[in-house]
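Engineer: Sequence:
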Amino acid sequence: MVTDDSCGLEAITANIIIAYVRNNHLPGAILPDLIRTVHETLLSLGTTTAPPAPDSARPTPAEVRKSITPDALISFIDGRPYKTLKRHLTSRGLDAYSYRARFGLPADYPMVAASYSRDRSEIAKALGLGIPNRSKAATERPRSGL
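Going by the numbering used here, the sequence shown opens with residue 58, and the numbers climb by one from there.
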């Protein structure tokens, strides 16, 4: 009985042989051996199981602690330090949630280095951001001498 898989494999074998014979001079006596070899090779490719792709190794708790430094976060993807992981993760098709899930990180794992966050906070405060709108009378300074 011929299955769909074997017909597909025979067609692939035929296409490979046709392409090879078109571009190479070949004595007719070698052709059956070539067909057999190509077919057996294709069969072996289909039956062998490739080793599973190494799932992202889960870091140990010590590695997680070491990846968080005051000035940078060490990426588990490439091992490089980053002040913020957002752009790094986005360039690799990840977001914070999927990164944490992929490496088994806790939900409170930071995505921004502490010093960078502190610096940005100081800049925002210096610009007056985050201060609730006060009434105009409360913000006016009393005039002196008039």
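Take the hints with a grain of salt, since some may be wrong.
[Said to hold, decoys possible] Restraint-style ranges between C-beta atoms, simulated for each label pair:
#1 S101 - R177: 49 to 59 Å
#2 V169 - E67: 38 to 48 Å
#3 R122 - R177: 21 to 31 Å
Bear in mind the hints are in silico, worked out from the structure with no lab data behind them.
C-beta atoms are modelled at their ideal positions from N, C-alpha and C, and glycine is treated no differently.
Engineer: Please name the hints from earlier in the document that this structure breaks, with their numbers sorted from lowest to highest.
Structural biologist: 2
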